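Number of protein chains: 2
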Amino acid sequence: MQSNREIVLESTPQGVPAPGNFTLRTAPMPEPRTGEVLCRTRFLSLDPYMRIQIAGRHLSGTVTPGDVMKGETVSEVVHSNVAAFSPGRLVRCMGGWQAYSVHRTEDLYGVADNIDPPSYALSVLGMTGLTAYAGMIWQARVRGGECVVIPAVTGGVGSIAAQLCAARGARVIGIAGSGEKCGYAVESLGAADCIDRRSEDVEARLGELCPEGIDVYFDLVGGPTLDAACRHLAHYGRVVLCGLMAEYNHTDRSPGPDPGLLIGRRAIVSGLVVYDYESRRDEFIRKCLPLLAQGKLKQREDITVGLENAPAAFHRLMSGQNFGKAIVRV
Amino acid sequence: MQSNREIVLESTPQGVPAPGNFTLRTAPMPEPRTGEVLCRTRFLSLDPYMRIQIAGRHLSGTVTPGDVMKGETVSEVVHSNVAAFSPGRLVRCMGGWQAYSVHRTEDLYGVADNIDPPSYALSVLGMTGLTAYAGMIWQARVRGGECVVIPAVTGGVGSIAAQLCAARGARVIGIAGSGEKCGYAVESLGAADCIDRRSEDVEARLGELCPEGIDVYFDLVGGPTLDAACRHLAHYGRVVLCGLMAEYNHTDRSPGPDPGLLIGRRAIVSGLVVYDYESRRDEFIRKCLPLLAQGKLKQREDITVGLENAPAAFHRLMSGQNFGKAIVRV
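Going down the list, the sequences are from chains A and B. Start counting the first sequence at 1; every next residue gets the next number (the working numbering). Start counting the second sequence at 331; every next residue gets the next number (the working numbering).
Hints should not be assumed to be uniformly reliable.
Said to hold, decoys possible - Quick partial rundown of chain B residues pointing at chain A, CB under 7 Å, derived from the structure: (1) G386; (2) L389; (3) G391; (4) V516; (5) L571; (6) G586.
Read the hints as simulated data drawn from the structure, not as lab findings. Computed from a prediction, not measured in an experiment: that's the story for all the values here. Ideal placement from N, C-alpha and C gives every residue a C-beta, glycine not left out.
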């Protein structure tokens with residue numbers, strides 16, 4: 001009988017997780033019980049929040065040494081006693097970093113045929129895209145003509161956010177970690193300009209590029225970039241707090257921006273948790289499919305082949321070396 | 331000819347401003363030019379923002395040594411060539427810390443007869459009340475049944491905020507600087523409970539008194555109390571940033587609460603500047619007059635008699651020794 005392959009957290013990383021923090025191991029094939037479905041992983045989404053699960057601080061749960069790494073997957077139904085999910089059907093589920101997984105039907109979501117390629121169910125039409133859409137459209141309500149600053153602009157969430165805002169007529173200023181990424185943001189994501197955070201003074205450049213202030217800052221990174229953006233907020237500027245990429249590899253936490261500054265700017269700062277928007281996922285997909293068809297929304301995926309290479313890909317993600325949404329094809 | 335008396339900033343204080351930082355001096359009586367009005371100060375409002383004007387950080391302007399202290403007053407028109415403001419008329423203006431002041435008519439606002447006593451134009455029906463109303467009703471949209479935490483609850487803004495929230499059916503938890511003030515908050519301001527910040531562990535008590543979390547925190551003080559309140563925020567809790575009393579006497583600024591915490595709580599943090607609500611002042615007064623008539627809104631004023639005693643009263647205010655809205659009767 002076939003066996004399963006799974007990637008287990010071996011040790012809690014200090015700083016950026018390295019491949020040595022993980023082990024690939026063989027395990028017995030999981031067996032579905034009544035009402036359960038056996039799935040084979042096709043695509044695994046790698047996301048920064050996984051670093052927080054390892055650190056024991058994420059609201060979706062923790063991963064401790066010895067546990068299989070968690071993660072969202074697009075999987076194929078292999079064995080099922082349930083009419084709704086026949087073999088061959090593609091589903092979205094929390095398959096984790098493994099080749100096979102077993103789920104109860106209430107934890108499976110069919111991947112519609114119009115999500116093509118199916119990995120888009122993990123990227124532009126998945127949690128990543130939903131995060132960008134919820135943050136920029138529903139929460140910040142970005143309008144045409146506004147100045148929107150997006151760090152990690154070529155990453156999973158950032159790249160979708162930039163395109164959604166540009167499609168609304170907003171002026172998008174990206175921040176990215178290389179000249180190549182900055183070029184991509186301007187040429188392909190609709191950014192009006194992009195700041196190379198490794199070679200430029202981010203705060204000075206924000207001042208130059210946003211002379212009338214930042215209307216919306218999508219905080220995907222935290223740290224000093226959040227501070228710098230707040231110092232350049234326009235009156236009534238909105239800050240959507242979504243991620244803290246700059247801090248995920250550290251155990252100490254950065255404080256937030258000076259409240260006195262937020263008062264003077266009449267800023268509105270709100271925290272975004274994408275799970276809260278799950279009930280609006282279909283609406284989000286309906287809004288985005290035409291944009292994809294029109295070419296206003298493109299998805300660059302940073303695809304790594306082979307489950308065994310997931311740890312190296314995660315290391316690249318957590319050190320900012322990915323270029324596009326990080327996905328493992330299993 | 332009569333002369334003016336004015337209080338001048340003598341030196342920039344370190345820490346809490348002391349009477350020695352100010353000088354009372356005699357000056358020539360100001361003379362109104364064409365279109366100007368001479369006013370005699372009746373009541374002077376003392377407010378924490380004045381500490382920031384001295385420090386050069388307030389958006390309404392700065393006061394440097396040698397300048398007459400600024401401040402809002404209820405004054406009586408003494409001499410006027412303008413039909414709209416005849417002698418004897420009570421007006422609200424930025425008269426400053428002095429016995430007489432001259433104003434252009436566009437800087438004068440008549441005090442309506444139904445504002446009685448007229449000092450209420452500086453307290454419950456003035457900027458102080460408007461700040462509380464704008465923060466709690468318009469900005470935080472406090473609803474019945476919500477848990478609202480208000481620090482400096484017996485102070486000018488806090489005491490009005492507490493009563494407005496209680497009148498809406500919210501459960502108000504106050505924070506104050508003495509057992510006597512706490513007793514007053516519960517007995518007279520409608521607070522369900524009140525934490526004595528000098529003798530109790532504020533954070534532990536917030537946890538006990540708000541077991542389902544804080545729905546609205548009205549931040550009038552900044553500093554560690556803001557942090558503590560954020561750690562006890564309910565999901566979707568709102569924080570209205572309005573003042574930083576705990577920091578006004580310091581030159582260093584405290585950072586804001588941990589963004590990761592704000593994300594997890596889906597918090598909404600917004601800065602409040604009362605000047606933005608000036609256009610709605612009449613609406614606010616219309617809403618509050620019935621509450622005053624019904625006894626649902628009471629104003630305790632901490633009145634000091636004599637302009638020469640303003641510096642000592644300001645020292646008391648900035649060290650938290652005032653009890654009620656600080657006003658000087660000139």
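Evaluated hints:
no. : hint : result
1   : G386 : violated, 13 Å
2   : L389 : holds, 6 Å
3   : G391 : violated, 13 Å
4   : V516 : violated, 28 Å
5   : L571 : holds, 5 Å
6   : G586 : holds, 3 Å
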